[in-house]
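> The lines below spell out each chain.
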Amino acid sequence: MTRSPASGKAWRAAVGLALAAALALTGCSTTSGGGGGSGKSEITVAGTYPIQNLDPASPSGGSNTGTQLVAQELFSRLVRVRPDGTVEGDLATEWKANATASEYTFTLRKDVKFSDGSPLTADDVVASFKRLLDLKSTNAANFTDYTMTAPSPDQVVLKATKPDAAILRKLSIFYVIPAKVTGEDPDFFKSPVGSGPFKLEKFDPSGSVALVPNANYYAGVPKLDRVTFRTMPELAARMTALRTGEADLIWGIPDDQLSQVKSDSNLTVETVQSTAVFTMWFNSSEPALRDAKVRRALWQAVDFPTIIKQLYPETGSLADSPVSPVTLGYVKQQPVSYDPTAAKAALTAAGFDFGKKLRLQFANAEFRPFNQAIVSDLQKIGVQVDLLEKEQAVFTKDLLALNWDVNFQQLSNPTYDAANTLGRLYTCKAKRNGYCNPELDKLLAAAAASPDEKERTRLYGEASKIIWSDAVGMFPMAVKYAYAWNKRLTGFTPDPAGLPDLAKVQVSSS
Amino acid sequence: MTASITASAVRPAVVRRRTAARRWLSRIPYAVLAIYAAVAVAGPLLVDYNPIQTDLANRLLKPGAHLSSGGTAWLGTDGLGRDIFAQLVYGARTSVLIGVSTVVVSAVVGTAIGVTAGYFRGWLDTVLSRGIDILLAFPAILLAIVIAGSFERSVVVVVGALSATAWISFARVTRGTALSVRERAWVDAARVLGVKRRFILIRHVLPFTAGPVVALATLEFALVVLAEAGLSFLGIGLPPSAVSWGQTIANGKQYLATAWWISGLPGLALSLLIVSIGILGDQLTARFGRGQLR
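Protein sequences, first through last, are from chains L and A. Residue 9 is where the first sequence starts when you use the working numbering, and the numbers rise one by one after that. Residue 878 is where the second sequence starts when you use the working numbering, and the numbers rise one by one after that.
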């Protein structure tokens, strides 16, 4: 015999592992409380969404929440939207539309400098806009064939191909970078130069971004010495980090944990109606889901009022439109009532194949219970669903490739304008959910072309009605975001788009 | 003098009592394993459970709480109102099933390779042994994660992923046994009599690997059950339609502070099973591991 294989080692190791796992699971793990006592005003933000890329114009994930979150601290925009939904100037001090809302003239702020000290000119703005369009990211679809010119060094003119009243809010996802950057240029985004309140100190795509104040920021240097974004997809990890002081700010806390956070005297908790809506598209290009009757029946088969009441009593409410109440273009729709018997009958009448499994895809474990509850309700009427929880990058790839039957997304809208969601995602040309309706395209085009906000809302209402009654997707829930932050933070405002700005945050001495 | 007499009179009684106690203690793992086996086999026949079915009205109930339907959730319910007791029962079946199939697969493969290498020696042994060494150098759980992660989740994939490394220890042990047995007189006798090598291998060498293989199988079983729970915990093990302790533990993670029973009870069940198997494995090793060959 070479060596006794069954020395107690193997199983002792096994037992050790099991015990270690048990210990870790019962929450006895110790986490060093960083952040706090260093004397400097440094804060750590624990975010849910991965930050894989710092380029907000990138075709691969530039429009992801994580990227946008950091981009708004690194780069400046022409205009941005305040948490209350109104537009304010960032690089632009004033703007003017022509009579048909197809041409906008922006006057740029004077003496704005990039973080490397070079001046920001109209040429940079024009070049950044051209780059955004050239890269064809999902956000660029908002500005197809628009042109931007610089008639003078402190003015830019944006020409739309058709009247577009949503342009201001849509521009809040357009970030200005130096003119010399063209194409994807991953090297530039390893140490990007911007004109936002912060500049990059360190970027690790696997989970952390550190920012330090930009001394050249036009509106005054932020009071914080360092802001660290850490990706913690695990809710338990975020919660623990907040309580131990390792993180100072988290959001997206589910209802089950809210009471626990509220009872902590060191923390402030606030919920805010967000721009996000749980959006569950059906893949209308799949033969099984091509019929609107089938899609409607599936929607009807899920008891969303109960699911929301049980799982999201505080941060959820039954949605009554494909867009959130704080979005321009919100018009209330007729709620879909829960009726499994009618649903089953409708599916049978439509010749739905109960033997075929539907693939329901989602990313982020926090949405698992919600989706499991849906799968359970669908199973009650005999519809089999494969619940596929995917890693974010795989999810995005499959989402764009329409490699799913039902897709769950928490769709937020940083522009507060239905043009960004309805106008961008539901046209035939967008090919995002296999649905194509020329009539809807016409309405969306008309809504985008009208300079009058009331008229636009009416048109988006009409469009919503088609999307709603044809069940392009299920729209179960309008989301409130629950923010919790350490009381030592002052000047923080919860953001309805899930993109809180940290430029005005301070740390009170403690 | 008196003292030493008393002491010597007392000692045997104490010793006797101690041995009796130890004998009883050593039987505990058998009892525990018998209970697990009974639960795994009979439990699913008695308890009804569908992992896809949720019951939101009864979510996060404490152990012993009453269900709105009138029953009692003896071990509580999870975040979607599913019964934890039923999950334990069905999870026991999953664990035992995966453990047994993986151990059987890896024992058969490992023994075949090990005995062949040990008996034939030469270049065959060199190739196989070096192959085993290379695989040994690679962390087993990592290999399992890679294999399980690159295929769609299913029972077969999990068994395959775990067997991919579990057979190695069997191969090493049986190779050693074969190496030493092949030099014994009865093997020489068989060889001289002109018995075919195949039969020598099966009749005269293979039976002697049974002891160590059984001892090793128990230990491997514990490791496999743990590894399966680990894979399911990470979400790359069994599909969500199967019930696994690892999944239940993962589901309870966010409720650790408020509903300990979701992660705690399956974790306890898992630990108890593994500790018991470990003790049993040590006992078997002491008895069969090498004793028989001496």
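These are calculated hints, taken from the structure and not from any lab test. Note that the coordinates shown come from a computational prediction; the quantities given were computed from them, not determined experimentally. A virtual CB, placed ideally from N, CA and C, is assigned to each residue, including glycine. Heads up, a few of these hints could be off.
Distance condition first, Cα-Cα at most 27 Å in a straight line; then the derived DSSO-like pairs of lysine-lysine [said to hold, decoys possible]:
(1) L:K439 x L:K405
(2) A:K1130 x L:K317
(3) A:K1130 x L:K398
(4) L:K340 x L:K364
Some residues of chain A that are not near chain L, with every Cβ distance over 12 Å (derived) [said to hold, decoys possible]:
(5) P889
(6) R936
(7) P940
(8) V977
(9) V981
(10) W1000
(11) V1033
(12) D1065
(13) Y1132
> Now, for every hint given, state plainly whether the structure supports it.
How the hints compare with the structure:
Between K439 of chain L and K405 of chain L the CA atoms are separated by roughly 14 Å; this keeps the pair inside 27 Å, and the hint holds. For the proposed pair K1130 of chain A and K317 of chain L, the alpha carbon gap of about 22 Å is at most 27 Å, so the pair holds. Only pairs whose Cα atoms come within 27 Å are accepted, and K1130 of chain A paired with K398 of chain L is accepted, the gap being roughly 19 Å. Between the alpha carbons of K340 of chain L and K364 of chain L the distance comes to roughly 34 Å, so the proposed pair goes past 27 Å and is violated.
Against the 12 Å criterion, P889 of chain A stays outside the reach of chain L, whose nearest CB is about 30 Å from its own CB. With a closest Cβ-Cβ approach of about 6 Å to chain L, R936 of chain A is found to fall inside the 12 Å limit, against its non-interface label. With 12 Å as the threshold on Cβ separation, the claim that P940 of chain A sits away from chain L holds: the shortest Cβ distance comes to roughly 16 Å. Chain L leaves V977 of chain A outside its interface by the beta-carbon criterion, the shortest separation being 17 Å against a cut-off of 12 Å.
With 12 Å as the threshold on Cβ separation, the claim that V981 of chain A sits away from chain L holds: the shortest Cβ distance comes to roughly 18 Å. With a cut of 12 Å on Cβ distances, W1000 of chain A stays outside the contact zone with chain L, its closest approach being about 19 Å. The claim that V1033 of chain A is not at the interface with chain L holds, since no C-beta of that chain comes within 12 Å of its own (minimum 17 Å). The beta carbon of D1065 of chain A is kept farther than 12 Å from every beta carbon of chain L, the shortest such distance being approximately 20 Å.
Not every CB of chain L lies more than 12 Å from the CB of Y1132 of chain A, the least distance being 7 Å, so the non-interface label is violated.
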